[in-house]
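With these hints in hand, go ahead and build the complete structure from the sequences.
Residue numbers for the sequence shown follow this note's numbering, so the first one is 1 and each next one is one higher.
One should not assume that every hint holds.
Restricting the straight-line Cα-Cα distance to at most 30 Å, the calculated cross-link-like pairs of lysine-lysine (DSS-like) are [what the hints assert, rightly or not]:
#1 K248 x K212
#2 K166 x K57
#3 K166 x K106
#4 K66 x K48
#5 K78 x K66
#6 K78 x K166
#7 K106 x K184
#8 K57 x K32
#9 K166 x K176
#10 K212 x K292
#11 K78 x K106
#12 K248 x K148
#13 K212 x K106
#14 K138 x K48
#15 K259 x K311
#16 K311 x K212
#17 K248 x K176
#18 K212 x K176
Distance windows between CB atoms, simulated [what the hints assert, rightly or not]:
#19 S179 x N252: 32 to 42 Å
#20 R127 x D257: 21 to 31 Å
#21 S83 x S169: 25 to 35 Å
If you are wondering where the hints come from, they were derived from the structure by calculation, not from laboratory data.
In this text, a Cβ means the ideal position worked out from N, Cα and C, and glycines have one as well.
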Amino acid sequence: MKPKVYILFILPLIVLTLALSAVAFWWVDSLKSPNSTFLQKQSFIIQKGETGAAIAKDLKSQGLVKNDLVFRIYLRIKNITKSLPPGEYELSPSQNLQSIVATLSKGPIGVWVTVPEGVRREQIAERIIESFELSGDKAKTFYDEFLKETEGQEGYLFPDTYIFLKSSSVTNIVAKLKSTFDQKTQNLNITTGLSLRQTVILASIVERETGKFEENPFVAGILLNRLNAGWPLQADATVQYILGTPQKWWPNVLSEDLKIKSSYNTYTFAGLPIAPIANPGLNALEAAANPKDTPYWYYLHDSGGQIHYAKTLEEHNANIAKYLQ
Numbered sequence: 001m002k003p004k005v006y007i008l009f010i011l012p013l014i015v016l017t018l019a020l021s022a023v024a025f026w027w028v029d030s031l032k033s034p035n036s037t038f039l040q041k042q043s044f045i046i047q048k049g050e051t052g053a054a055i056a057k058d059l060k061s062q063g064l065v066k067n068d069l070v071f072r073i074y075l076r077i078k079n080i081t082k083s084l085p086p087g088e089y090e091l092s093p094s095q096n097l098q099s100i101v102a103t104l105s106k107g108p109i110g111v112w113v114t115v116p117e118g119v120r121r122e123q124i125a126e127r128i129i130e131s132f133e134l135s136g137d138k139a140k141t142f143y144d145e146f147l148k149e150t151e152g153q154e155g156y157l158f159p160d161t162y163i164f165l166k167s168s169s170v171t172n173i174v175a176k177l178k179s180t181f182d183q184k185t186q187n188l189n190i191t192t193g194l195s196l197r198q199t200v201i202l203a204s205i206v207e208r209e210t211g212k213f214e215e216n217p218f219v220a221g222i223l224l225n226r227l228n229a230g231w232p233l234q235a236d237a238t239v240q241y242i243l244g245t246p247q248k249w250w251p252n253v254l255s256e257d258l259k260i261k262s263s264y265n266t267y268t269f270a271g272l273p274i275a276p277i278a279n280p281g282l283n284a285l286e287a288a289a290n291p292k293d294t295p296y297w298y299y300l301h302d303s304g305g306q307i308h309y310a311k312t313l314e315e316h317n318a319n320i321a322k323y324l325q
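Okay, structure coming up:
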């Protein structure tokens, strides 16, 4: 073989070999731990709905992997791109990439729990039990302890999205819910003359009686009009609270239910109930603290969820005939 032909033949092989060697070195080096001497673990959180690319970027920015692209490729090789559950993990820069992926694949030590606006404390317990994947005696024990810890705290367990460690005690979980309420309401500007406790009670009713945030100030204003005039509030949600059971916490109210003798029943007693009926969110709390000054005294929702206001009983009855009958 002529030297020139030989060079033309062997040169691409040399280039290819060098390129493959460089890629192999890059790959192997990227699998190594970012800092083998730093053994301390740190919190790493995967958000709900977060993509593999976003997770890889977060790991890189927190110094937990050397290369986010290699992390993404490794996930695809292992076919686990969609199986990293959201929540809180403990990871260390001393872990190599394979160890990081193995830790993430085992599932989080802390899980996301969303507490919606307007749920009662029993429903919060149910949501946490579901998120913690508790069952049997463990579920029952948690439920019973949660209700014991939250007795008298309805209304003060703030609706939000939390991360709770699966090992958290009921006491610590309840403390977090209550401290979040304190934090969120520390600057609440109450203009009605009501106390904070009365405002929370009113907000809990507003939360259950409305379907949209924009309705809250108007409904709060209507209920305050009734309250100041000495009228019964006549809020169905308070009767639902009395009737609620684990089978259905917010059942439909029948006409005979309006006669139930209870200090929560705003049809049989004027004024506010003795305690909140649910846990209101910040929007409802702000509406109850600073309601809309409104000429309306009545409201109803039609079958499509649209609210209709009325200034007089005659107008309200006309709305009933038009939208509910």
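Consistency of the hints with the structure:
no.: 1; hint: K248 x K212; result: 22 Å, holds
no.: 2; hint: K166 x K57; result: 26 Å, holds
no.: 3; hint: K166 x K106; result: 14 Å, holds
no.: 4; hint: K66 x K48; result: 24 Å, holds
no.: 5; hint: K78 x K66; result: 18 Å, holds
no.: 6; hint: K78 x K166; result: 27 Å, holds
no.: 7; hint: K106 x K184; result: 34 Å, violated
no.: 8; hint: K57 x K32; result: 17 Å, holds
no.: 9; hint: K166 x K176; result: 14 Å, holds
no.: 10; hint: K212 x K292; result: 15 Å, holds
no.: 11; hint: K78 x K106; result: 14 Å, holds
no.: 12; hint: K248 x K148; result: 21 Å, holds
no.: 13; hint: K212 x K106; result: 39 Å, violated
no.: 14; hint: K138 x K48; result: 26 Å, holds
no.: 15; hint: K259 x K311; result: 25 Å, holds
no.: 16; hint: K311 x K212; result: 21 Å, holds
no.: 17; hint: K248 x K176; result: 27 Å, holds
no.: 18; hint: K212 x K176; result: 27 Å, holds
no.: 19; hint: S179 x N252: 32 to 42 Å; result: 36 Å, holds
no.: 20; hint: R127 x D257: 21 to 31 Å; result: 27 Å, holds
no.: 21; hint: S83 x S169: 25 to 35 Å; result: 29 Å, holds
Hints 7, 13, counting from the list given before, are not met by this structure.
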